[in-house]
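Novice: Residue strings, one per chain:
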Amino acid sequence: MHETAGAIREFGLLKAILLLPLAGAIWNGFFGKWVQRRFGEKPISIVATAAAAGSFLVSLVSVLALRSADGALADRIYTWFSAGDLSVPVALLLDPLSSVMILVVTGVGSLIHVYSIGYMHGDGGYYRYFAFLNLFLFSMLTLVLGDNILLLFVGWEGVGLCSYLLIGFWFTDREKAAAGMKAFLTNRIGDLGFIVGVFALWWLFAGKGVHSLAFADMARSIRLIEGETVLGAPALAFIGIALFVGAAGKSAQIPLYVWLPDAMAGPTPVSALIHAATMVTAGVYMIARMHFLYTLAPAALAVVAIVGAATALFAATIGIAQTDIKKVLAYSTVSQLGYMMIGVGVGAYAAGIFHLMTHAFFKACLFLSAGSVIHAMGGEQDIRKMGGLRKKMPLTFLSMFLATLAIAGIPGFSGFFSKDEILWNAWAGPHGHPLLWAAGALGAGITAFYMFRLVFLAFFGECRASEETKHHLHESPRVVTTPLLALAALSVAGGWVGIPEALGGKSRFHHFLAGVFSPGGAHGEAIAHGEQAVHASRSLEYLLMAASVLIALGGIALAHRLYLARPDLPGRIVSRARLLHRIVENKYYVDEIYRATVIRFVLVLSRALRVFDDFVVDGVVNLSGWVVRIVALVSGWFDNTFVDGLVNAVSNGTIALGARARRLQTGAVQSYVIAVFAGILLLVLLYMGLSGRA
Amino acid sequence: MNRLETYLFISSVLAALGFVTIASRRNAVAILMGIELLLNAAALNFVAFGRFVKNAAGTHPLDGQIFAIFILVLAAAEAAILLAVIIAIYRQSESIDVERLRGLKG
Chain A
62 MHETAGAIRE FGLLKAILLL PLAGAIWNGF FGKWVQRRFG EKPISIVATA AAAGSFLVSL
122 VSVLALRSAD GALADRIYTW FSAGDLSVPV ALLLDPLSSV MILVVTGVGS LIHVYSIGYM
182 HGDGGYYRYF AFLNLFLFSM LTLVLGDNIL LLFVGWEGVG LCSYLLIGFW FTDREKAAAG
242 MKAFLTNRIG DLGFIVGVFA LWWLFAGKGV HSLAFADMAR SIRLIEGETV LGAPALAFIG
302 IALFVGAAGK SAQIPLYVWL PDAMAGPTPV SALIHAATMV TAGVYMIARM HFLYTLAPAA
362 LAVVAIVGAA TALFAATIGI AQTDIKKVLA YSTVSQLGYM MIGVGVGAYA AGIFHLMTHA
422 FFKACLFLSA GSVIHAMGGE QDIRKMGGLR KKMPLTFLSM FLATLAIAGI PGFSGFFSKD
482 EILWNAWAGP HGHPLLWAAG ALGAGITAFY MFRLVFLAFF GECRASEETK HHLHESPRVV
542 TTPLLALAAL SVAGGWVGIP EALGGKSRFH HFLAGVFSPG GAHGEAIAHG EQAVHASRSL
602 EYLLMAASVL IALGGIALAH RLYLARPDLP GRIVSRARLL HRIVENKYYV DEIYRATVIR
662 FVLVLSRALR VFDDFVVDGV VNLSGWVVRI VALVSGWFDN TFVDGLVNAV SNGTIALGAR
722 ARRLQTGAVQ SYVIAVFAGI LLLVLLYMGL SGRA
Chain B
36 MNRLETYLFI SSVLAALGFV TIASRRNAVA ILMGIELLLN AAALNFVAFG RFVKNAAGTH
96 PLDGQIFAIF ILVLAAAEAA ILLAVIIAIY RQSESIDVER LRGLKG
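One line per chain: the protein sequences are A and B, in this order. To convert, note that position 561 of the first sequence is 622 in our numbering; the numbers rise steadily by one, no gaps. To convert, note that position 89 of the second sequence is 124 in our numbering; the numbers rise steadily by one, no gaps.
To be clear, the hints were calculated from the coordinates, so they are not data collected in a lab. Every residue gets a Cβ at the ideal spot worked out from N, C-alpha and C, and that includes glycine. There could be a bad hint or two in this list.
Some chain B residues near chain A, calculated using beta-carbon distances under 10 Å [unchecked claim]:
(1) Leu43
(2) Phe54
(3) Ala58
(4) Ser59
(5) Arg60
(6) Arg61
(7) Ile66
(8) Arg86
(9) Val133
(10) Glu134
(11) Leu136
(12) Gly138
(13) Leu139
(14) Lys140
Make a model of the complete structure from these sequences and hints.
Specialist: Rendered as structure tokens:
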């Protein structure tokens, strides 16, 4: 896109994609309470869903315009701020990469809005829920449409905020409020890395006279900073890893994945939209967006791929032993995000984004099906207490089953194509390694196992629920099942846009994104080399494909044997390997380890700082207060004694004088008369004496 | 016998009597009488000097006599006012004894 700068066309409609959900959020956020009290839930859901659907329609129109434009669409709204030479605009950019993202976000988002109408029915915070959901769409679209990394960061923080608000949606429950806080704080840790990366980019580019953080400008000038160093490390690797720390927080990678399972405290549609389909993939999107940097920093790419592979495998093993239906799906999400990281980490950005898209379909479908089940079970989330739901909830079962086939990687379903593309690139891609493939393939087998365990336990066999729950079992209303079936259809067919050439397809998804990731020119070499390698051995490709399918089928067969054919076996295995089971069931005690180390350290540090505060800072403040008091006392004493004393002395003297003088006024008139005569006499004598002398 | 000194002597006696009356009597009306004596002593002095003193033209000036008439008028007015005051004082404190009227004491 950046090499063909001439092809960027102004397209003013782009801002409508953002503004529709924003308007919905503002309307429901400010007036929703009143509307809900006055007119009930209907107007609220209509406004919110219309905003999401309208955004989807505008997105469709924009993407069609993009296809005919054959370049990129831009919408420069206004200049956000200027600092020195740096000027950051609020500008939107629609290229093939962001068009995939906006279609997923608004499409899946709209379906989940529809689903929420039924799911959140009767909740007192109905208006609040929809306002947050619309605000989330706005933030997520800002994230994917922003044409510079700062605008991406605004969206990045916005989705984090919405995630926090929606995880803690039922905030009267302390545990749920705490889960929201955990998500937020863990993300903050990652964001620190992100900010460091952005600052490093800004600093280095400004040093080379490039005063822009727009992706296109950075991509054009990335070679300028290639040889630089930051803190002794190669600049590009440093920035790449710093940004990946942010991505690890947002996309729940080791070691910052711990918030995502807890995030299941939020309403289930939120888990589907934010914590499975869209927000958590922001990290993958960001790396794909910064591909020009990562391609030149193989060390950073290797970190991404290795962390992704470790996460994919690690989270999958935890998923085996979870009994909460949403927790299973949460760990599955963590694991699948690991796959996407493997994809982008081996330089196969298109494959990562492809899996991001198909995952959005089937994981949203899985979560919404789980929500439908939980609703029907009256809030029960333990799969050990389910069973046999297939007959009671045929539509939910159908969609869940199709999505499970997709995530397990059964050929023909969407997950197969995307996962296969990632695995193939992990082996043979430009930065691939057979070990990455092995981790991914093993993870795929485990994924197939625990997903089918979930389906078998919940939908097959005997129903283990209480009689009362059984009595209330029912299929969900159509407002819930319609989005389910739509997503199930997408889970099946969503991958068909990317059928690889090896299977007679055209890799159309890949070609659609090719303009973004391999535009020739400066860094086209690595990709081209990679593609050569990919085309080199089609027989190997078939072999790996078959191997991964076999591993997945093996996982399914194992699940079938353990949970359908021989339901007594799991218990016996658990009793045989009690310690291992305990460790896995407790998620490898990672939360406990964090509590004992990081959290404890922070608490100790904060207590130490508090002591410092109490004694040193407060001490200084108290000392200065004490000094001022002493000075005031002295000055007050001086005032009272000397200044007031002088004034009082004057008045006292006057009073004393007056008291003496008043004695003269006896009131006896005759004494006055005598005094007068005496005075006259005195004057006469004086006069006579004086004149006599003269 | 018809000499200025005689008149001055009588006037001095009158003035002395007036003064003693004012200073010693406790009755306000008696004091009023003392005042009349003082005034008349002064009037007598004026008349005497008017009779025995000549001016540059060798005639007796009338100033002294006129002054005496003024003093008579003044004394009458003063007597009237003071009597009214004394009556008012009596009405208020049922006494005209100046020893007991100490309202001016500071």
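Novice: Taking each numbered hint in turn, which are not upheld by the structure, reported in ascending numerical order?
Specialist: 1 and 8
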